[in-house]
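Enquirer: Residues per chain are reported as follows:
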Amino acid sequence: VGLPASSDVDVLCDPAEFTTACSAAEAAGWQLYPGNSRDSHLLGAHATTYVVPGWPSTVDLHNHFPGLLAPPQEVFETLWAAREEIAVAHLPTPVPRPSAHFVVLAVNCLRSTAAGVGEQLPELRTAWSSLTSSERVEAVAIARTVGALEPLRGAFAALGADAGAVDPRFRRGLRAWHAFRADPGDSGGAWLGRVGSRPWRDRPAHLLRAVWDVNLDHSRTPEEWAAAGPWGRSLARVDRARRGGLAVARMTSARLRRPRGGGMP
Amino acid sequence: VSSPEPDVVATAGAASGGPWRIAPRVAWIESGEEVLVLALRAPYDRLPYRLPGSAALIWLCLAEGMDLAGLIAELGDGQPERAGEIEAFVCHLEGERLVIPLHG
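Read top to bottom, the protein sequences are chains A and B.
Going by this note's numbering, the first sequence opens with residue 1, and the numbers climb by one from there.
Going by this note's numbering, the second sequence opens with residue 1, and the numbers climb by one from there.
Where hints are given, some of them may not hold.
Said to hold, decoys possible - Stretch-level coverage of chain A by chain B, calculated; a stretch enters the list once three of its residues show a Cβ under 8 angstroms from a Cβ in chain B: (1) 52-58; (2) 130-142.
Unchecked claim - If we take Cβ atoms under 7 angstroms as the criterion, some of the chain B residues that face chain A in the derived model are: (3) A27; (4) W28; (5) I29.
These aren't lab readings, by the way, just hints derived from the structure by calculation.
Quick reminder that beta carbons are idealized off the backbone N, C-alpha and C, glycines included.
Make the full structure from the sequences, and use the hints.
Expert: Encoded structure:
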């Protein structure tokens with residue numbers, strides 16, 4: 001039972017217990033979204049998607065949220081410590097309290113839009129205006145703890161909040177965040193970011209999965225996947241390899257053109 | 001949410017007389033003139049119920065802890081057959097473990 005506009009349910013799981021959460025979902029009869037696998041999080045995917053047979057919405061089991069650049073376990077511990085209980089469809093549900101929820105909402109708003117905050121500013125402003133002054137201070141503090149301060153620095157500035165000193169941590173994650181936001185629809189770029197974040201010895205296997213797991217980025221619906229057949233799936237994988245090659249070319253070209261130290265929106 | 005409506009055919013036995021409460025792990029919302037109800041328990045193979053009209057009113061009264069006599073007085077319009085339908089519907093909800101006795 002969800003609000004009319006909901007298309008999925010996002011559940012943040014304790015990363016240390018992520019496989020337990022997956023097992024519980026499967027024991028309850030939930031099915032992996034085609035192309036997902038229970039080790040998706042090991043490939044850098046932030047969620048593993050399940051479908052409940054007959055239900056229109058999917059359920060994303062998150063081990064992490066993009067844009068929260070601190071290690072996933074630290075992020076979870078922070079958000080869990082900052083939880084409160086609300087009633088969702090009359091059932092008690094733990095959720096981040098408003099200050100922490102703002103941080104999660106903000107990175108989620110910004111991650112799928114190109115650099116800058118203008119397009120998302122009205123939504124962020126509405127959420128920000130619902131916070132008390134102490135909650136706003138806490139939101140900035142939580143953003144710093146979970147590594148979202150630099151991803152949200154522009155948003156905080158636009159909202160008139162003082163984000164404080166630059167957080168020098170998580171430089172690689174911040175680069176990947178900016179690269180993804182530069183072209184949010186570029187799944188090839190997202191995969192390259194994932195591959196690049198892994199040790200060299202793991203990268204060949206990741207590249208293979210990048211081509212093989214056509215559905216990991218939800219580029220196919222379950223219905224499309226089921227209807228594709230072996231030939232359609234092969235074509236999809238060839239196309240994915242082609243797009244990956246183009247993504248490498250684009251990122252290499254952009255890196256050569258970008259002045260050193262630049263790129264902060 | 002696409003869903004079957006509950007079968008309101010009378011089932012064997014009578015409702016316990018109430019009052020009732022909504023069973024644990026049953027999610028429900030009001031949506032316009034309807035109430036949508038979903039049992040969140042294994043094996044998760046049930047689709048949500050859509051309760052329209054008087055079924056929604058009965059549900060809301062049950063959620064407030066009303067007993068069978070109260071339901072019939074409130075919604076029965078003084079008609080015996082209407083009282084029977086209400087009792088059958090509550091029986092159905094109990095059978096589906098969507099509502100349980102308040103002090104059960």
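Enquirer: Three residues or more, CB to CB closer than 8 angstroms: is that satisfied between the segment 130-142 of chain A and chain B?
Expert: violated (count 0)
Enquirer: When I compare C-beta atoms, does the segment 52-58 of chain A have three or more residues closer than 8 angstroms to chain B?
Expert: holds (count 5)
Enquirer: Tell me if B/A27 is really an interface residue toward chain A, meaning its C-beta lies closer than 7 angstroms to one of theirs.
Expert: With Cβ-Cβ at 4 angstroms, under 7 angstroms, it holds.
Enquirer: Was the hint right that B/W28 lines chain A, CB cutoff 7 angstroms?
Expert: With a closest approach of 6 angstroms, the B/W28 hint holds.
Enquirer: Using the nearest Cβ pair, does B/I29 come within less than 7 angstroms of chain A?
Expert: 5 angstroms, holds
Going through the hint list in order, the structure does not satisfy hint 2, though it satisfies all others.
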